[in-house]
Each structure stands twice: as structure tokens, then as C-alpha cells.
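All residue numbers for the sequence shown refer to full-length UniProt numbering, where the first residue is 1 and numbers rise by one.
A couple of the hints might just be wrong.
[Unchecked claim] Computed Cβ-Cβ distance ranges for the label pairs, DEER-style: (1) Ala97 to Ala6: 16 to 24 Å; (2) Ala113 to Pro64: 15 to 23 Å; (3) Val132 to Ala84: 29 to 37 Å; (4) Glu112 to His22: 28 to 36 Å; (5) Ala113 to Pro146: 14 to 22 Å; (6) Gly99 to Ser129: 30 to 38 Å; (7) Pro149 to Thr14: 17 to 25 Å; (8) Glu148 to Ala113: 19 to 27 Å; (9) Pro53 to Gly99: 40 to 48 Å; (10) Glu48 to Ala113: 17 to 25 Å; (11) Arg136 to Arg21: 22 to 30 Å; (12) Glu98 to Gly17: 12 to 20 Å; (13) Ser129 to Arg21: 32 to 40 Å.
FYI, nobody ran anything at the bench for these hints, they're computed from the structure. We treat Cβ as the ideally placed atom computed from N, Cα and C, and that holds for glycine.
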Amino acid sequence: MTGRGAEALALAETFLGTPYRHQGSTRGIGCDCLGLVRGVWRALYGREPELPPPYRRDWALDAPGEPLIEAAERHFGPALAACARAPGDLLVFRWTAEGPATHAGILALPDEAGETFIHAYEQVAVTRSPLVPSWRRRIAGVFRFPMEPRQPWQP
């Protein structure tokens, strides 16, 4: 693992079993996929990366550009090649090839079947899932948790 990957992964694992809660970001109480990343970030760096405005479940479908990838680049830096991913990295996914990225998770250690990742599964909980080919095809960006936050967030 590189950078703060081991710490990020260990923190993500503490969210396992947290109920799915749209817009939530609190371990053991509730979170969505963005909230998982925000919760890990807060634990690593002591502050929010940035506070998102209230958002609908389909928030990115009518937003211009790639808001999730743009936010990741602001805080994590440029995306890495998908083949450079390592446990503890942020994975950003798009559901369709033409659509915007709308899901996120943290790459975990592989199990006997291969790569896994931790993410908030809608209507379920934060869970560990196999990074099977159908998930790998949807990777829109890989980002490494920086040693220090890139910039202070300005509202």
C-alpha cells in the first residue's frame, strides 16, 4: 500500500456494516458511498474535504461535467491509471459508459477470489464486494489518499 492507503483502508473497514443512509457520513449510524469517503477523510485529516450541498439520489445525471471526478481531483490530485490501483485507493465508478461517475468505494485487500472493495450499497449497508469484471469495467478514476490534504476547503 502507498501513501495513506493502509490507514484509509483500516478506517474504511471500521465502516463495514454501517447502514445505508442517503447523504449520511457517520460510522455506525449511516452513510452513502460519498459519505464513506468523507468519513474516512475526516478521520485521516481531521476535517471535511468539502461539504456537499444537499443532493438527490440522481444528482449527477443533470449536473454539467463530472462533479464526482472533479471533486476527487481537487482533493486527491490527478487520477492514476486503473492498473496502478493499490489497496486503500479511492475508486470512482460510472454506471454507463456515457454517463457521469456516480459511485465510489475504497479498494481493499484481495481475498481468495481476487480484488475486493468497500462501498455503501444502496438499501443495504457498507459492505465488501468482489471487484469482478463488471465493476472493473465501470472504474472511471483511481485516486490515492494524499499524505496531507491538498488545499483547505473554502466554502
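Do the hints match the structure? See the list:
With their beta carbons about 33 Å apart, Ala97 and Ala6 fall outside the hinted range of 16 to 24 Å. Taken as a hint, the range 15 to 23 Å is violated for the pair Ala113 and Pro64, whose Cβ atoms sit roughly 39 Å apart. For the hinted restraint 29 to 37 Å between Val132 and Ala84, the CB-CB distance of approximately 20 Å leaves it violated. Distance hint check: the CB atoms of Glu112 and His22 are about 33 Å apart, consistent with the given range 28 to 36 Å.
The given range of 14 to 22 Å is broken by Ala113 and Pro146, whose C-beta atoms sit roughly 30 Å from each other. Roughly 20 Å separates the CB atoms of Gly99 and Ser129, a value that falls outside the hinted 30 to 38 Å. Taking the beta carbon of each, Pro149 and Thr14 are about 20 Å apart, inside 17 to 25 Å as hinted. The given range of 19 to 27 Å is broken by Glu148 and Ala113, whose C-beta atoms sit roughly 35 Å from each other.
Under the hint 40 to 48 Å, the C-beta atoms of Pro53 and Gly99, about 21 Å apart, miss the expected range. For the pair Glu48 and Ala113, the beta carbons lie near 35 Å from each other, so the given range of 17 to 25 Å is not met. Roughly 27 Å separates the CB atoms of Arg136 and Arg21, a value that falls within the hinted 22 to 30 Å. Roughly 34 Å separates the CB atoms of Glu98 and Gly17, a value that falls outside the hinted 12 to 20 Å.
With their beta carbons about 18 Å apart, Ser129 and Arg21 fall outside the hinted range of 32 to 40 Å.
Checked against the numbered hints listed earlier, the structure breaks hints 1, 2, 3, 5, 6, 8, 9, 10, 12 and 13; every other hint is satisfied.
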